[in-house]
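Number of protein chains: 6
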Amino acid sequence: MLDRLMAQLAPRRAVHAHCDIPCGVYDPQQARIEAESCYKIIQKYNDSSDELFRQRCTHVKEERAELTKHHIDVMWHDYFKPEHVEKFPDLHDVCWKASKQASQVKRTADIAEAQKLLDLIDRIDHMWRETGGAEATRMQQLEPVGASGAPKSDSISDSKAAAADAKPA
Amino acid sequence: MLDRLMAQLAPRRAVHAHCDIPCGVYDPQQARIEAESCYKIIQKYNDSSDELFRQRCTHVKEERAELTKHHIDVMWHDYFKPEHVEKFPDLHDVCWKASKQASQVKRTADIAEAQKLLDLIDRIDHMWRETGGAEATRMQQLEPVGASGAPKSDSISDSKAAAADAKPA
Amino acid sequence: MLDRLMAQLAPRRAVHAHCDIPCGVYDPQQARIEAESCYKIIQKYNDSSDELFRQRCTHVKEERAELTKHHIDVMWHDYFKPEHVEKFPDLHDVCWKASKQASQVKRTADIAEAQKLLDLIDRIDHMWRETGGAEATRMQQLEPVGASGAPKSDSISDSKAAAADAKPA
Amino acid sequence: MLDRLMAQLAPRRAVHAHCDIPCGVYDPQQARIEAESCYKIIQKYNDSSDELFRQRCTHVKEERAELTKHHIDVMWHDYFKPEHVEKFPDLHDVCWKASKQASQVKRTADIAEAQKLLDLIDRIDHMWRETGGAEATRMQQLEPVGASGAPKSDSISDSKAAAADAKPA
Amino acid sequence: MLDRLMAQLAPRRAVHAHCDIPCGVYDPQQARIEAESCYKIIQKYNDSSDELFRQRCTHVKEERAELTKHHIDVMWHDYFKPEHVEKFPDLHDVCWKASKQASQVKRTADIAEAQKLLDLIDRIDHMWRETGGAEATRMQQLEPVGASGAPKSDSISDSKAAAADAKPA
Amino acid sequence: MLDRLMAQLAPRRAVHAHCDIPCGVYDPQQARIEAESCYKIIQKYNDSSDELFRQRCTHVKEERAELTKHHIDVMWHDYFKPEHVEKFPDLHDVCWKASKQASQVKRTADIAEAQKLLDLIDRIDHMWRETGGAEATRMQQLEPVGASGAPKSDSISDSKAAAADAKPA
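Protein chains in written order, with the working numbering: chain A, 1 to 169; chain B, 1 to 169; chain C, 1 to 169; chain D, 1 to 169; chain E, 1 to 169; chain F, 1 to 169.
Don't read these hints as lab results, they were simulated from the structure.
Errors might be hidden in some of the hints.
As the list claims (entries may be wrong) - Below, a list of computed lysine to aspartate or glutamate pairs in the DMTMM-like style, where the Cα atoms sit at most 25 Å apart:
#, chain 1, residue 1, chain 2, residue 2
1, E, K44, D, D119
2, F, K97, D, D93
3, D, K81, F, D50
4, D, K100, E, D47
5, F, K116, F, E66
6, B, K116, B, E130
7, D, K87, F, D93
8, D, K100, D, D50
9, D, K81, D, D119
10, E, K100, E, E86
11, E, K44, D, E63
12, D, K100, F, E66
13, C, K100, C, D110
14, B, K81, C, E51
15, D, K97, F, E62
Here the structure is a predicted model, which is why all the values come from computation and not from measurement.
Input sequences plus hints: build the corresponding full structure.
Okay, here's the thing in structure tokens:
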């Protein structure tokens with residue numbers, strides 16, 4: 001996950017000077033995907049009365065929440081740099097609360113707790129966007145090879161492609 | 001990662017009838033993020049002449065390519081269903097080639113091999129979009145809590161939010 | 001798991017020309033052992049009325065089925081080569097169904113589902129045997145060191161030793 | 001990996017009375033497969049002069065030897081019981097030396113060290129066979145489903161099938 | 001790792017009222033042990049001129065530093081509570097720097113960087129001691145069973161036993 | 001975890017001559033911490049009547065007991081050397097029983113079984129102390145950097161610092 005600023009893709013961003021030491025490809029979606037799993041598992045747990053199924057939900061949720069914590073940790077200690085803390089003084093606190101909320105999600109079947117976790121991850125996502133976001137830490141995604149005759153459903157615009165298009169502006 | 005169709009978010013999609021048995025939150029970005037790491041690691045490997053650094057690149061790339069394979073496998077055997085294979089007769093072949101390409105990326109420092117892996121994952125991504133995509137397998141991401149005064153940089157539109165907005169329902 | 005054809009052990013097999021690029025030691029028994037665990041766990045789950053024990057069964061089965069999937073994936077994308085797909089046109093389909101069946105085994109306490117998984121793995125095993133099998137992807141196992149006075153129970157002939165013996169024929 | 005003696009498959013073996021408490025599906029082939037990988041990796045390492053390839057060998061061998069140790073440990077503390085130690089007074093010593101030899105294999109590119117590891121695992125295998133072996137800790141493997149027209153290559157007899165056949169005798 | 005205050009062992013400590021929700025057994029020694037490995041690996045790396053050995057050092061250090069980060073994370077988001085941040089306003093900053101230092105240790109063969117990591121972990125250790133330490137988050141360790149005739153070497157007093165002895169004072 | 005004897009810290013101990021080949025940083029506390037978790041989880045399990053909580057206890061205990069086994073294995077096959085077996089003829093047996101007891105702890109909610117595990121680990125700990133202990137396999141821990149004005153609670157003496165102080169050399 002070693003990485004450097006994709007200088008040619010984001011030439012306007014001086015803030016990424018930190019990347020003269022290796023930094024990585026980062027995306028809070030890694031944490032969000034796992035947290036969404038937790039949310040959906042709780043939803044299904046509450047909708048079911050099958051004991052075997054509910055036990056599986058409890059167990060799998062534990063694993064997914066642990067992965068959520070891991071990906072929050074990666075954002076916190078690998079992605080964020082001192083200048084980001086200056087910009088967002090509550091950065092440590094938000095990441096800390098998000099981690100603790102993921103622990104809470106392990107312990108509960110309350111859907112509101114899962115929503116709180118998503119909200120906290122979205123605050124991390126917000127700080128990531130404001131400090132570079134996909135332009136700085138992801139590669140742009142072009143049209144899939146061999147998909148020329150099969151365009152993406154046009155109502156779904158890809159954020160990475162959008163970011164790439166927007167760059168020269 | 002148990003999940004069901006978010007029926008209320010994607011009411012127009014009859015194709016997801018399979019989801020009356022547990023299905024998950026899926027996103028080929030999980031595979032792509034790891035594959036982008038491989039790409040950037042190869043780039044940095046080739047830019048460096050530091051032996052310690054290059055050895056670390058080789059080792060970390062091995063791990064990242066293995067994770068790429070895992071996430072491709074998840075798409076292949078957990079997300080895709082028989083009706084998807086009917087729609088995309090080369091589905092098995094594309095996933096197979098993507099997995100084999102991830103193995104190839106472990107073995108090489110050739111950036112073109114990493115690009116081939118990204119292209120193959122984008123073909124999986126294309127099939128995912130055409131069979132439901134974010135609308136069906138991800139939750140919508142709203143404005144971050146407490147971020148009302150700090151709007152997202154407007155040139156970067158979020159694909160999930162866009163998808164949600166676009167829903168005619 | 002890098003490996004090359006054991007040329008001296010299987011000189012008659014031109015099909016393994018693919019092995020001029022690294023290939024591995026492979027054996028579908030890795031998948032079968034984990035799937036047998038799933039089978040036996042379900043059997044014991046159904047024989048027991050102890051709640052603690054049954055919860056442990058559900059949890060451990062989940063892990064074992066996940067390992068089964070991993071080993072099926074390894075056969076699919078690491079062992080099998082294009083010429084094998086030519087020989088067995090349903091190769092992708094069998095591996096796919098085996099993976100999906102392993103997911104099914106996670107969800108159930110029905111012993112018939114575990115048997116279906118074993119049957120599908122045995123079909124993979126069959127394709128492995130027909131494309132080289134133990135001769136090509138395993139080393140021969142000789143008499144254990146220091147075991148000269150303690151011969152193996154003669155009714156149990158070792159498949160690998162047998163394969164090795166049979167080669168020159 | 002909870003398991004009980006497959007009483008109906010091995011009715012002649014009173015020694016397995018211990019299995020009225022959960023015991024597992026065991027097979028020293030799990031350790032041997034990983035150790036064979038180590039052997040082949042060392043072989044390929046010595047045959048190559050490509051620095052990138054050799055570094056990968058060193059790294060992957062480390063992982064494979066670690067897995068070997070894990071599977072040796074499982075045999076030692078999960079499979080073997082006090083009556084086995086009575087029968088094989090050097091049981092602890094053989095398992096201990098096998099574990100230490102796997103550590104040694106991590107440290108070396110000497111093929112003789114890898115062979116020593118295989119020999120020690122074969123001694124564990126021997127003790128496993130003499131105390132029940134495949135009959136007691138594996139399920140019998142029948143003809144693959146749908147493979148009636150495609151018999152196994154007859155020179156390769158399967159040890160598990162052989163064991164099953166031999167049982168009623 | 002769910003845990004509650006061992007109330008009967010540390011009755012004087014009101015600060016642990018947070019433990020009416022599950023908390024764990026914690027010990028910064030888990031992080032320190034892994035960080036000491038990193039230190040010693042760097043030392044041996046620098047003392048050696050054997051290329052195979054040095055490559056293994058680089059690889060194993062990467063794993064050990066990753067485990068160090070994991071155990072630092074556990075202290076940060078699982079052990080520490082809001083009242084601890086009040087008491088130690090630099091708590092977030094120290095944990096953050098320790099995590100980043102563990103990343104740095106992955107990248108270097110400079111023993112001074114490994115020492116910096118140990119120093120930062122010792123600062124976490126200090127905050128842990130000042131907020132309960134072994135009395136609150138570990139169990140007391142008595143004389144080993146059957147070791148009555150073999151007293152511990154008296155120059156080495158056990159911190160946990162010492163803590164337990166000291167309590168009633 | 002490669003390591004050498006810290007010769008300068010333990011000059012009196014000729015027994016560690018084996019360490020001219022790599023040996024590690026070892027501490028039975030790694031096993032004990034996980035075993036203490038098992039103990040506390042069983043305690044909380046028995047104190048609770050909440051079904052969700054109890055299921056989580058069962059699942060998390062399984063993981064913690066598995067980690068306990070891993071750390072016992074590390075002591076057994078990585079730390080202990082032939083001269084240690086000469087000194088403690090029951091070394092193999094104690095480690096074996098400890099591993100089996102960790103398996104037993106997975107299966108039960110009986111706190112006495114968890115105590116037995118702790119006792120067996122303490123016997124391993126005793127053998128470790130008598131064959132070098134912290135002096136030989138851990139680094140000394142000094143006062144935390146920047147903690148000069150915040151002395152450790154004086155009733156808690158650190159075993160590692162104590163060991164270092166006690167060295168007559």
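Status of each hint after checking the structure:
Between K44 of chain E and D119 of chain D, the direct Cα distance comes to roughly 31 Å. Violation of the 25 Å bound is thereby established for this hinted pair. Annotation: proposed proximity of K97 of chain F to D93 of chain D holds, straight-line Cα distance about 15 Å (limit 25 Å). Proximity of K81 of chain D to D50 of chain F is assessed by CA-CA distance (about 37 Å); at most 25 Å being required, the pair is judged violated. Distance restraint check for K100 of chain D and D47 of chain E: the Cα-Cα separation of roughly 24 Å lies within the 25 Å cut-off, and the hinted pair is therefore satisfied.
Taking the CA atoms of K116 of chain F and E66 of chain F, the gap is near 16 Å; set against the 25 Å cutoff, the hint holds. Annotation: proposed proximity of K116 of chain B to E130 of chain B holds, straight-line Cα distance about 21 Å (limit 25 Å). The suggested pairing of K87 of chain D with D93 of chain F holds, with an alpha-carbon distance near 15 Å, which does not exceed 25 Å. For the hint pairing K100 of chain D with D50 of chain D, the CA-to-CA distance comes to about 29 Å; that exceeds 25 Å, so the pair is violated.
Of the supplied pair hints, the one linking K81 of chain D and D119 of chain D holds, its CA atoms being roughly 22 Å apart against a limit of 25 Å. A C-alpha spacing of about 23 Å is found between K100 of chain E and E86 of chain E, which places the hinted pair at or below 25 Å, so the restraint holds. With a C-alpha separation of about 21 Å, the suggested pair K44 of chain E and E63 of chain D falls inside the 25 Å cut-off, and the hint holds. As the CA atoms of K100 of chain D and E66 of chain F are separated by approximately 21 Å, the hinted pair is consistent with the 25 Å bound.
This hinted pair checks out: K100 of chain C and D110 of chain C have alpha carbons roughly 15 Å apart, not beyond 25 Å. The suggested pairing of K81 of chain B with E51 of chain C is violated, with an alpha-carbon distance near 35 Å, which exceeds 25 Å. Of the pairs offered as hints, the one joining K97 of chain D and E62 of chain F is violated, with about 28 Å between alpha carbons and a cut-off of 25 Å exceeded.
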